[in-house]
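Asks: Below are the chains, spelled out letter by letter.
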Amino acid sequence: MNQRIARASFLVALILLALIPLIGDKYELQLLSKIMLMAIFAMSLDLLVGFTGLVSLGHAAFFGLGGYLLWFLSPQYAATNLWLSLVEVVAIAAVTALLIGSLVLRSSGVYFIMVTLAFAQMFFYYTTGAKWLGGSDGAYIYVRPSAAIFDWVPFNLANYVQFYYVALVLMIGVFLLLRMILRSLFGRAIQGVKSNENRLRSLGFPTFRYKLASFVIAGTVASLAGYFSAAQFGFVNPELFGWKLSGEVLMMVILGGMGTLYGPILGAFVLVLVETELAGMTKHWLLPMGLFVILAVLFLPRGIAGMRLRLSFGRSAREADA
Amino acid sequence: MKTASVRSHDRRRVLKGLAAGVGAAAITTVLPTRFSIGQAAKLKLGLMLPYSGTYAALGKNIDDALRLAINEKGGKLGGRDVEYVTLDDESDPAKSADNANRLVTRDKVDFLIGTVSSGVQLGINKVATDNDVMLVIPNAGVTVATRDLCAPNVFRTSFSNWQPAYAMGVVAAKQGKKRALAISWDYAAGRESNAAFTEGFVNGGGKTEGELYLPFPQVEFQPLLTQIAAAKPEVVYAFFAGGGAVKFVKDYAAAGLRANIPLVGPGFLTDGTLEAQGEAAEGLETTLHYADGLGNPRDDAFRAAFKKATNRDADVYAVQGYDTGLLLLSGLEAVKGDMKARKELIAAMEKTEIDSPRGKFSLSKSHNPIQDIYLRRVKGLENRFVSVAVKALADPGTGCKMA
Amino acid sequence: MSDGLIFFLIQVLNGIQYGLLLFLVASGLTLVFGIIGIINLAHGSFYMVGAYIAFSLVRATGTLWLAILIGLPLTMILGVALELAFFRPLYRRDHLYQVLLTYGLILVLEETRSILFGDDVHGVQVPALFDFSIPLSGGLTYPVYRFVISAICLLVALGMYFVIQRTRLGMAIRAGASDREMLQSLGIDAGLLFRFVLAAGLTLAAFAGMIAAPVASVFPGMGNQILIISFVVVVIGGIGSIKGAFIASLLIGLVDTFGQIWAPQIAGMTVYVLMAAILLWRPAGLFGKRA
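Chains as they are written, first to last, in our numbering: chain E, 1 to 322; chain B, 1 to 403; chain U, 1 to 291.
Chain E on its own, in the form it takes in the complex:
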């Protein structure tokens, strides 16, 4: 029953999002676009954290990878082709995730957290020191990727309204894709890894391979989010690999409610909107931000999504007994 509530409210929210361009202005649409791309990033992390039980503090490595790949694939003053470059980004990101994953997945628990952080830091320091990548100042992507298929141009990313819809469709698409994956046998297997890996292994499942697959999918989706994020303003810099960003997206997942797929979406919206509002209010805005996070942890034991579930579940359960 909770599924139906969730699905219905989600549909309502999506309809609202689809209609906003009618009343929103440029800033609002760009902000919401950014949030939706972060939501994709967060969903990919939720696949790892909430469903496979692998907490990565280096997920920004893939986000930044996607951004820098866009820069790399874009000629200086011309557009790269969206579809072709996406194929390349997916391929490169998947291979990178495969390589890194096969190394880091040998650790578990906190060690896994730290070794993922280590790899993200290595990306960070490399790009900071590399002049050809722009170094610490970053680099520009002057022309957005072109969506042309031969002569037909379905949409123009430089137009902020069309970019918004692309981000929206992408977010929905990723959500559906991940949900489908999670409902498959593979999906159940990785959830099994989270609850009791040993038991799964004793049943003959090659858990390492499942974890690796999950890692690769998560990394690739994160790279997509990074690619489009870079396309939004046309600017990349090493901070895209930073631990602050990895921490922020992890916060979105936890705050929103991990293991629910729509939790991270909620988390992305709430976190960015709260931050944006607070930043405009006071110079010492980090103080109420910190307090907000602390209170959320203390009073929302399963994140925002968890809060909703408890509301309806608790009441109907009690009523059922009556």
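Rather than coming from a laboratory, the hints here were simulated on the basis of the structure. Errors might be hidden in some of the hints.
Said to hold, decoys possible - Simulated crosslink set (SDA-like; lysine to any residue; CA at most 25 Å straight-line):
(1) E/K194 <-> U/L140
(2) B/K365 <-> E/Y77
(3) B/K44 <-> E/K194
(4) E/K131 <-> U/A263
(5) E/K131 <-> E/K194
(6) B/K360 <-> B/R147
(7) B/K360 <-> B/Q218
Go by the hints and put chains B and U onto chain E.
Replies: Same frame as chain E, but now just chains B and U:
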């Protein structure tokens, strides 16, 4: 049935709640701009500066001095009232484009003013240029902003990383030093500064022993200090700022290097850090486009006014903020506040000779100050003016299409 | 001795003294993590708290030792207060909620510091007794105060070893590290023990901030840098292992030092490459227990 009706009641409530939640969240981003009636006459200045973190003191000085300059002339720019919109850049390069975009598309500022840190600057430049918004840089010395990435709408009232560094190289060579070593953090600004010093030094007849770098923002200098002792150069040029500058100067002295190998650097090595550095900084020579004790009446008046308005002492950042205000005043005066007269505005700003506390200066074709770089020496808690290191030094502006 | 050899030895000295300071900060982190099982991101902020307390108390009293004497109990009280308010509810929760809450704590502590002390950079005077340097060679002198810091760190390390291996309290701590239920059956109040360990861990970080303040200087954001490195130390050494933290700190100190002079292009990465390499060889750190 009771349970069924209760369940559907719950469901509806939750549905409503969630829809309301998302709707409210989205609408809060919509609301503020809907109700701003009467936007008519005020000129909006968007200040994107570090109001928190390591550079907060610098951001505050720039902000206060900018307002001081405008208030001294009646608080109006070109006859229009001024509205200030501030935004903390958090010194976060990853958010720089987003933050700049907020000021440009949401607050629809007429002028974007920012920022302090070079890492954040380029994101701002991208947004400003993409949206064709006027931008004045009150500090960040990232050289490409007035070289390869220069643009008609981008102005700088501070310096380029090349200027003070090159001047120091010239001075060191003139002082008869033959072998120099340069050290800084391994990031764009550090590399630019070291390279510029080496250029000035070599042009003056010196020989460089190389450049040392440590990862940014690490402050464990001992290993490299030991390297310096082993290399025995005649002079060491160091570019660090803030906490790093304090630590380096103190460590350099504690390692006994001050006695035999003079330490020099751009003014950031000793600006805003003297109280913390204490005796270790005494007598240090640095170059910057500003100094204490310049002895010109404009400077004295400015320092008194700044002290009166903020109860803090003015520094180079305050001067840069003040000069940004002067540039705006001059440009907008010429077009009588009409932001639509873009070409005339830019032309007026380009021609402005700014009567700055640092001394009068004009802008180069790439919109960077052409200014005297002063040699200063630390005495007590001041960087006292010694002489003019290089007169009217202009950044080469290589790669700038306007130059 | 040839010049080259002398400078090499001096670099080894540099690495060791940096490592010892790292140990002082990281030891508290590994204790808290190993015994109580809490990931405390605000650990670096306590290093900053210590430095700022030292700064203000030195300004008020004039000497560092007095500042430390007053400052240590202050931090212990603050640690206990935080434990009661925030950490208590976290013991049973998932690691991730600890990460999130302590991250919020970092923001609160940083902004409070900004409101109370402003954002300028400050220096703390080296205690007059040790404010001189001894010549080593080739115009290079070594500040005696750095030796003092290293000596203090060594003393603390020895003290911790003694307490943990030779006292009843230490026994309880070791028991708590391996088996929490065992504590109850031994009749030891786990709550009290945890509170003590948490306060001690935070105080160690603050103490490091206090004694390092004269050489490290006091500035906004100083906690963040040391936080990441502390985590690297803890992970390389193995969670909960003081011995591991000690060896890892020295290892990192040396690798970082020689990385800077032998491989400056990748100097920033060396520590992370080291960590990745060690974890690939020993997935639970050098002395950690396999999960």
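Asks: Look at each hint and say if it fits the structure.
Replies: Verification of the supplied hints:
1. E/K194 <-> U/L140: 56 Å, violated
2. B/K365 <-> E/Y77: 24 Å, holds
3. B/K44 <-> E/K194: 53 Å, violated
4. E/K131 <-> U/A263: 17 Å, holds
5. E/K131 <-> E/K194: At roughly 42 Å apart (the allowed maximum being 25 Å), E/K194 and E/K131 break the hint.
6. B/K360 <-> B/R147: 23 Å, holds
7. B/K360 <-> B/Q218: The given pair, whose Cα atoms are some 38 Å apart, is violated under the 25 Å limit.
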